[in-house]
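Asker: Modelling step: build the complete structure from the supplied sequences, incorporating the hints.
2 protein chains.
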Amino acid sequence: MEKKIRIGILGLGTVGSKVVDLIQVNKERAKIEYGIELEIVGIMIRDRNKKRNVATKGIRLTENIDDIVKNPDIDICIECMGGVGTEQTKNAVIMALCNHKHVIMSSKKCLALYGKEIFLAAKENNRQLRIEASVGGGIPICSTIMHMSQGETIKKIFGIVNATSNYILTAMNNDKTYEEALTQAKKNGLAENNPEEDVDGLDAAYKLCILVRLCMKLDVNINDIQPVSITKLSVNDMKAAKEEGKIIKPIFYANVNEKEEMECFVGPYAVSKENPLAFVNDNNNMIFVEGKYSGLRAFYGQGAGASPTASVIYDDLMDIIK
Amino acid sequence: MEKKIRIGILGLGTVGSKVVDLIQVNKERAKIEYGIELEIVGIMIRDRNKKRNVATKGIRLTENIDDIVKNPDIDICIECMGGVGTEQTKNAVIMALCNHKHVIMSSKKCLALYGKEIFLAAKENNRQLRIEASVGGGIPICSTIMHMSQGETIKKIFGIVNATSNYILTAMNNDKTYEEALTQAKKNGLAENNPEEDVDGLDAAYKLCILVRLCMKLDVNINDIQPVSITKLSVNDMKAAKEEGKIIKPIFYANVNEKEEMECFVGPYAVSKENPLAFVNDNNNMIFVEGKYSGLRAFYGQGAGASPTASVIYDDLMDIIK
Numbered sequence: 352m353e354k355k356i357r358i359g360i361l362g363l364g365t366v367g368s369k370v371v372d373l374i375q376v377n378k379e380r381a382k383i384e385y386g387i388e389l390e391i392v393g394i395m396i397r398d399r400n401k402k403r404n405v406a407t408k409g410i411r412l413t414e415n416i417d418d419i420v421k422n423p424d425i426d427i428c429i430e431c432m433g434g435v436g437t438e439q440t441k442n443a444v445i446m447a448l449c450n451h452k453h454v455i456m457s458s459k460k461c462l463a464l465y466g467k468e469i470f471l472a473a474k475e476n477n478r479q480l481r482i483e484a485s486v487g488g489g490i491p492i493c494s495t496i497m498h499m500s501q502g503e504t505i506k507k508i509f510g511i512v513n514a515t516s517n518y519i520l521t522a523m524n525n526d527k528t529y530e531e532a533l534t535q536a537k538k539n540g541l542a543e544n545n546p547e548e549d550v551d552g553l554d555a556a557y558k559l560c561i562l563v564r565l566c567m568k569l570d571v572n573i574n575d576i577q578p579v580s581i582t583k584l585s586v587n588d589m590k591a592a593k594e595e596g597k598i599i600k601p602i603f604y605a606n607v608n609e610k611e612e613m614e615c616f617v618g619p620y621a622v623s624k625e626n627p628l629a630f631v632n633d634n635n636n637m638i639f640v641e642g643k644y645s646g647l648r649a650f651y652g653q654g655a656g657a658s659p660t661a662s663v664i665y666d667d668l669m670d671i672i673k
Numbered sequence: 352m353e354k355k356i357r358i359g360i361l362g363l364g365t366v367g368s369k370v371v372d373l374i375q376v377n378k379e380r381a382k383i384e385y386g387i388e389l390e391i392v393g394i395m396i397r398d399r400n401k402k403r404n405v406a407t408k409g410i411r412l413t414e415n416i417d418d419i420v421k422n423p424d425i426d427i428c429i430e431c432m433g434g435v436g437t438e439q440t441k442n443a444v445i446m447a448l449c450n451h452k453h454v455i456m457s458s459k460k461c462l463a464l465y466g467k468e469i470f471l472a473a474k475e476n477n478r479q480l481r482i483e484a485s486v487g488g489g490i491p492i493c494s495t496i497m498h499m500s501q502g503e504t505i506k507k508i509f510g511i512v513n514a515t516s517n518y519i520l521t522a523m524n525n526d527k528t529y530e531e532a533l534t535q536a537k538k539n540g541l542a543e544n545n546p547e548e549d550v551d552g553l554d555a556a557y558k559l560c561i562l563v564r565l566c567m568k569l570d571v572n573i574n575d576i577q578p579v580s581i582t583k584l585s586v587n588d589m590k591a592a593k594e595e596g597k598i599i600k601p602i603f604y605a606n607v608n609e610k611e612e613m614e615c616f617v618g619p620y621a622v623s624k625e626n627p628l629a630f631v632n633d634n635n636n637m638i639f640v641e642g643k644y645s646g647l648r649a650f651y652g653q654g655a656g657a658s659p660t661a662s663v664i665y666d667d668l669m670d671i672i673k
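Note that the protein sequences, when read in sequence, are chains A and B.
Here this note's numbering is used: the first residue of the first sequence is 352, the next is one more, and so on.
Here this note's numbering is used: the first residue of the second sequence is 352, the next is one more, and so on.
Treat the hints with care, since some could be wrong.
Since the list gives no way to pick one copy over another, a pair counts as held whenever it fits inside one copy or between any two copies.
[Claimed, not checked] Cross-link-like lysine to aspartate or glutamate pairs, in silico, EDC-like; alpha carbons within 16 Å at most: (1) Lys643 to Asp372; (2) Lys506 to Asp570; (3) Lys474 to Glu384; (4) Lys597 to Glu625; (5) Lys382 to Asp670; (6) Lys568 to Glu384.
Simulated from the structure, these hints should not be mistaken for laboratory data.
Since the structure is predicted, the reported quantities are computational estimates derived from the model, not experimental observations.
Answerer: Take a look at the structure:
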């Protein structure tokens with residue numbers, strides 16, 4: 352007989368819907384390969400009247416968060432609440448952990464601001480906390496770092512972690528103005544209606560905080576990072592860089608220097624045309640990790656999109672179950 | 352009180368020595384972070400008289416392989432036997448699995464030829480088998496694929512997996528002859544005295560077999576891959592490619608086509624100057640994996656060297672223990 356795994360989901364936006372979809376699609380495979388039956392018990396939604404593109408027949412939909420996080424019939428809670436209500440998200444996931452549920456999180460802002468508290472709650476309740484979807488979209492960077500840093504000392508991480516900014520700067524490198532590039536990004540679902548958090552570098556700063564915690568076991572205060580916005584860049588800036596054999600890219604950088612001080616940067620930066628980051632275009636991300644033993648390693652993939660993000664959430668789910 | 356983990360090691364060459372070193376260096380950390388005591392019980396060596404650069408005081412050195420693989424006092428067996436005696440390696444790891452030891456393997460040729468049998472032995476004996484060091488040196492590609500392919504369908508993998516060939520072709524792209532480049536590679540410890548397996552593409556073919564098994568759950572017969580050697584390339588070939596805006600790189604490629612047939616290639620191939628693989632130089636590797644949900648992802652790092660390889664073996668060890 353199969354072991355039943357009962358799942359609760361917080362949020363049914365684009366990512367949440369894709370997660371529901373992926374769980375349904377893989378039901379048979381999970382049965383055959385792992386002998387488990389995946390059951391979605393309930394989903395917390397914000398607006399009952401919103402039209403959704405996913406089959407939820409037989410699943411309890413609720414507007415009351417406690418129906419999920421305090422529900423004794425749920426083993427694993429998947430949080431897909433997005434960027435709104437960060438404190439509410441924190442309270443929800445901590446409540447789920449305290450109610451003995453393993454938790455899979457995707458909200459990066461919440462993890463950047465309250466990561467210490469949330470990881471502590473997971474430890475104290477002896478529950479698993481997985482956060483792959485919070486950084487790098489479909490790139491399995493978090494679990495890779497957790498896996499690979501065990502005998503390792505990591506002092507430096509850098510790369511491109513914001514898909515929206517990279518998409519816009521890629522278009523500007525092809526002679527589009529900032530406004531044209533932003534319009535194009537919105538049209539392709541790669542920029543939100545209010546794109547401030549992405550283009551002003553806050554989104555990348557959140558991810559920097561999360562990666563630094565994983566790689567270096569350090570807390571960075573989000574207020575200590577002063578990201579530089581890409582909104583002030585013009586096509587002329589891009590051209591001037593090109594004339595010097597460079598390309599402007601949305602870079603993040605965190606380094607523990609020789610005095611053991613943390614140096615951080617988030618913002619547009621002109622990299623050499625020969626730099627591998629020069630070839631990371633559109634909505635792709637690439638994250639470099641420098642280890643004492645393993646040298647420089649890098650991880651590349653789509654940094655945004657419901658499908659890649661849902662795919663890593665499903666991997667987190669399978670990993671917890673195994 | 353700490354839980355004691357008793358380790359046996361097969362082989363004390365460059366990788367084996369570095370593994371011993373890394374385990375000793377991390378002893379305290381393993382105690383503090385995971386509450387475990389790592390103890391190396393025994394090491395199988397081939398030549399007792401060989402001088403070694405690693406401290407083995409208090410560790411039993413033996414020339415009899417059974418002292419390790421049949422030793423009831425050993426929990427985990429780490430295989431660092433290198434490319435010689437592939438059948439002996441297979442027998443040793445299967446014997447270790449049958450004697451209820453978890454196994455960490457590094458010998459790619461053995462895994463390419465006997466992978467099916469070895470994985471089956473692990474399954475039947477309900478033991479863990481980790482193989483990270485067999486492909487991509489310090490790149491955690493195997494565990495990443497095992498982790499990320501759970502809800503995923505992978506049809507295509509490609510990239511650069513042979514550090515020696517890539518080092519040689521990088522030098523040839525900088526106007527060295529094949530002979531000069533090979534001499535330089537040997538001097539830097541990146542080519543063996545007999546470099547045939549690397550430069551003729553067999554090494555990359557072994558890794559292709561291993562990756563195909565992990566990604567696509569398929570067996571490739573090594574004889575069905577007919578790798579193309581890089582030894583026939585001249586500086587003129589490199590120049591001719593450059594004039595067409597291309598760079599010759601040592602590529603591997605495996606694709607399940609629309610008819611569900613496997614297409615494989617291993618050998619030198621001219622990639623566009625804008626292709627990310629054009630920027631993978633020296634002893635670095637880069638492996639691309641194309642998934643149905645997650646799109647194209649890639650993993651980059653040093654493809655050879657005792658230190659990166661030992662580092663992923665140590666990660667395998669910690670993962671088994673956890």
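Asker: Determine for every hint whether it applies to the structure shown.
Answerer: Cross-check of the supplied hints:
Proximity of Lys643 and Asp372 under a CA criterion of 16 Å is satisfied inter-copy only: 14 Å between copies versus 41 Å inside one chain copy. In this assembly of identical chains, Lys506 and Asp570 lie within 16 Å of each other by CA distance solely inside one copy; the values are 14 Å within and 40 Å between copies. Proximity of Lys474 to Glu384 under the C-alpha cut-off of 16 Å is restricted to the inter-copy arrangement: shortest distance 13 Å between copies versus 29 Å within a copy. Within a single copy, Lys597 and Glu625 get their C-alpha atoms as close as 8 Å, and across copies as close as 14 Å, so both meet the 16 Å cut-off.
When the C-alpha separation of Lys382 and Asp670 is checked against a cutoff of 16 Å, the pair qualifies only within one copy, where the shortest distance is 15 Å, while the shortest distance between copies is 25 Å. Taking the shortest alpha-carbon separations for Lys568 and Glu384, only the inter-copy value of 12 Å comes in at or below 16 Å, while the best intra-copy value is 35 Å.
The structure shown violates none of the earlier numbered hints.
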